[in-house]
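Assemble chain B onto chain A, guided by the hints.
Those sequence lines, one after another, are chains A and B. If you're matching positions, the first sequence starts at 2 in my numbering and goes up one per residue. If you're matching positions, the second sequence starts at 2 in my numbering and goes up one per residue.
These are calculated hints, taken from the structure and not from any lab test. Some clues are possibly wrong.
Here are the simulated lysine to aspartate or glutamate pairs, EDC-like style, with alpha carbons at most 16 Å apart [stated by the list, open to error]:
#  : chain 1 : residue 1 : chain 2 : residue 2
1  : B       : K46       : B       : E25
2  : A       : K132      : A       : E29
3  : B       : K606      : A       : E154
4  : B       : K606      : A       : D261
5  : B       : K607      : A       : D144
6  : A       : K606      : B       : D144
7  : A       : K609      : A       : D392
8  : B       : K534      : B       : E612
9  : B       : K175      : A       : D261
10 : A       : K175      : B       : E334
11 : B       : K534      : B       : D571
For clarity, every value in this text was computed on a predicted model and none was experimentally measured.
Number of protein chains: 2
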Amino acid sequence: MSYQVIFQPSGRRGQVPPGKSLLEAARELGVDIEAPCGSAGICGKCKVKIETGFFPKFGLESSLQHLSLLTEEEQQTLMEEEIAENYRLACLTKVWGDVLVFVPEESRAAKQVVLEEGTRRSITVNPAVRKYLIHLESRSLGDSRGDWELLRESLWREHNLPSEITVDYFVLRKLPIVLREEEGQVTVWVWQGREVIGVEPGHGEGLYGVAVDVGTTTVAAYLCNLETGKVEATKSLMNPQVRYGEDVLSRISYAGTNPDGLADLNKVIIEGINGVIAALAAEAGLIPQQIADVTLVFNTAMHHLALNLEPQFLGQSPFLPAVKEALDLKARELGINISPGGRVHVLPVEAGFVGPDNMAVIIAEEPYNSPHTKLIIDIGTNGEIVLGNQDFLASTSCATGPALEGAQITFGMRAAEGAIERVRIEPRTLEVEFRVIGSDLWSSESNSGKARGICGSGIIDAVAELFSSGIISASGRFNKDLPTNRLRKNAAGKTEFVLAWAEETAINQDIIITQGDVRAVQLAKAALYVGAKYLMEKFGVDEVHEVILAGAFGTYIDREKALIMGMFPDCPPENIRAVGNAAGDGAKLALLNIDKRNEAGEIAKKVKFLETTLEPDFQTRFAEAIAFPHAKDGFPNAQELLNKIKEESDDE
Amino acid sequence: MSYQVIFQPSGRRGQVPPGKSLLEAARELGVDIEAPCGSAGICGKCKVKIETGFFPKFGLESSLQHLSLLTEEEQQTLMEEEIAENYRLACLTKVWGDVLVFVPEESRAAKQVVLEEGTRRSITVNPAVRKYLIHLESRSLGDSRGDWELLRESLWREHNLPSEITVDYFVLRKLPIVLREEEGQVTVWVWQGREVIGVEPGHGEGLYGVAVDVGTTTVAAYLCNLETGKVEATKSLMNPQVRYGEDVLSRISYAGTNPDGLADLNKVIIEGINGVIAALAAEAGLIPQQIADVTLVFNTAMHHLALNLEPQFLGQSPFLPAVKEALDLKARELGINISPGGRVHVLPVEAGFVGPDNMAVIIAEEPYNSPHTKLIIDIGTNGEIVLGNQDFLASTSCATGPALEGAQITFGMRAAEGAIERVRIEPRTLEVEFRVIGSDLWSSESNSGKARGICGSGIIDAVAELFSSGIISASGRFNKDLPTNRLRKNAAGKTEFVLAWAEETAINQDIIITQGDVRAVQLAKAALYVGAKYLMEKFGVDEVHEVILAGAFGTYIDREKALIMGMFPDCPPENIRAVGNAAGDGAKLALLNIDKRNEAGEIAKKVKFLETTLEPDFQTRFAEAIAFPHAKDGFPNAQELLNKIKEESDDE
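Same shape as in the complex, but just chain A (with noise of 0.2 Å):
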């Protein structure tokens, strides 16, 4: 004796014994419908609607008679509107008949959100650490199970955890008050189903994660509701190793020329990943402790910086990490505040200078499921470059150096109120427009805003302009000879281009650009475009259909000024696209869902690494590239063209 039992809309179904609950036949069957409460009828999550009437795609005559009558508990929880449409709770109604139930998407354990920043991505919310309620049974005289017995066992009762569950230590300690406080009623941590790393007494509120994207420069960290998967508060700050070295390499010699100079590099990082955590907590209303898990992202160096681990064969070749594999570490082993009991995810490393943060580009744009080729370049310090498609997935690291993030740049600075952003350059009269971040009027205009510096998308489209309209040649050279006021020598005999007079600008003097800067961002955008073209030659890839700007500089560059200059190879300027800090996000799709670890994890072992300075035409194919595209004054050969820019550098 059995009756047919169908969930919509995943249209899962089977036969069920009589008496059975709609929430024991949804497990049985494989549909995940939320059941904190352990099967209560307190917390209402199990919420579904009966369906009634006969359904003749499925032979299936389904009525409220078919069931156990309302109990006192769902006229409580439930609200009225909702029982008139026939709402139960899953957990409490018992199968005595065919049924056709809807599991409404509030309902359904795997619960998908779309995160907005930068760009859209959906996700379902699958978390590394659940939340579950217990009621403990009351013991019995002679009952003389420990206190974690008797959780462990309620767990595999109430919700089906697996009996070789642990516990962690520092839980374990608080465990025999936290049990007692409540009459019973515990909400339990439970990480991958498999340790117990937080418990409260009673009907725990709320269940967060953070995820933090450590880079050389910037933290920027992620508040996230494991529940719901709402992005609850987002805080950056600069990274406070800056003091020790600008650039990873520059830290990892102060890591080994002083006695205790790892210690010191990761005692600040720590305690400013602790900063930023306090103050989204603080933001959000909530106490560190309420966290219970944190996904960490960062290049390699600041990976080895932030966990503690010995740098100094990661800055000499062949740049070997410590450890490639994901970690799952306990928080307060690095000395991270949050829950006690508390979770570190840190994601693989793919290859000496290829890091986690590259790992969570991936994740997040997800070639390997495309069918269509993408080129991702996510530009830092490094560039880092994947091309790849459902059949193949490669990967390269460019040393950009740091022009295009505004740095090493004579009037370079981060992109904050008062950097030019975007340059005009009128090629007739060779007069110069721009725009300040923080102001939507052009410099010609009144009330525009003054400048303070220039930035990296600024540089970018400075250089970009100076080249379209001729004031540059195609080797990158000043044009001494054109007839404007602009192009002058310095005190040094050295050419310069005013690219603001100083009563345009908030500092009063005249920002310029150097044949220097110019030479910056011709290497930086030569090491970009040599490393995609040797990963499309390697992989057979002609033609990329998409070009995936990560970063904050993607966001911020003119496409078209990137293709005029030859940063990348040749695409559609609709194809090419900027998602903002796609690092960041895939710490947060990690942090709320853990099938992307997972994937993370296999993909990294199989994004094939191109190291492009060991290719023997490498210095070749550099040297070419540095020249911008369609050079009118064509050189020989790169040699040639390499000896010509060194003898500009020298008479400059």
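Just chain B, lined up with the frame of chain A:
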């Protein structure tokens, strides 16, 4: 094409393809040969003897010619005599014909050792932590594996360890340095074949562990060589928690009534354990960082106090522990200073007041492997009694009080120099002779030791003699009218007995036994007797084959006197066996052999615990047992006896 290879003494045999090494052949045939150096021919531990000649039993002719030639490494590693006796290194010797191989004891991976303390126990050395010597592959150009991935693959390739093996975070931190120190030669410590918990550059020397028995009063610790099984050093110290309370209940109360009570108690015991570990290491010429593993046993209260677990519910009915199962923890989580990645194994709790120490006694004595019924009595502040054989196992806990340890006795003291440990009373003259610890002479002999107090075995001896000589009655009351000046009234009018005159002592005062002292011993022995009798009755045991006395007390007690007193059910004195600190032995066994840990885990679930104080006739039975056996003045019933005792106490 294959050859027959037979290994002796196990007799394992099989067909082996030409060119296989003897070590590989042994592994395939399930013969466990030591090979810590990873087949480099350096360590010489895989030494085997080739038997030559014709062996009709096997139809096999064995010859040195059936093997590859002696290598240079073997010539260097083996001694001349060994070579003359056909010893070879199994890792370097290839099979080119039929051979008969003898594996000497010292080359077998599973060695037998004998623990000598207290009682002889034979144990196979099979520790949780094992050492492997690795020769890292040299990397080819473009090999971008992380250091950990390289090591993991070497562990798999050279030692067949599972590829899912993990690495402790603290080990990971120093990995890059250690791997590069000795040209890729690394010694790796692996816990349970599944986690790397230590790395040393080159060929690491020695692997050590410490077994600790954390008693309420005394902490005993044993430093063991995990490779040879040898106990290298033994130390003990007074449990530093004594300053917070003599017994566990007063410490639990301290923890409950002081703001940082538990933290205080935990801090001092962890400091104590660290101190004893440091002293052990110093004695063996080691540093604590060379210790990889620790096993801990204790009663349940000390379990909670040493592990920093909330003890308050253990101290009140129904006496529930926070956890019962065995725990595998990292030493650093507990604050125990050994190797940074070192491990701690905590044996399981049986029931509220029957702790891991009793579990250790059980795995040392193994009643579950015996066809005979054993009664195991472990006397501490609580008495724990185990009854069982291969068919059943039951335990109970008896509130003996500290009298049998010499505490709370007027002149009680620990079993140290000057403690009276033996007493004889001449029945006619009622004259006393005693012997003190530190002297072989009786007090009647010249140059005998001076007394300082009475230890546990001394008080038993004294009370048994008082009863045998009629100075106390079967009810335990002083026979005040006897003609001896040793029986006298004190200032408060209470009767006391002088055991040693002031001039026989080192404290210049008479050492006396009061009626209260006699009562304390009576209560203790009654508790033990009733506990044992209940267990026997409940499990249908009329007579036990063996009584095993564990603990220091058992070692010094006079068995016949214990029988006279009715301390435990009748048993021929020759079947009463004292086994010393069996709890400490159990801790050592669990340290040296992982199977003993699994055994403890299994057995702990099977031991049936009897709460004797819940038995309806407990009060009556207990009262009856307070009297000494063969009562001459027979009491009509227990209630009357109790009343009588009460009156006597009031009137003393």
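Against which earlier hints does the structure fall short, listed by number upward? The structure breaks hints 2, 4; every other hint is satisfied.
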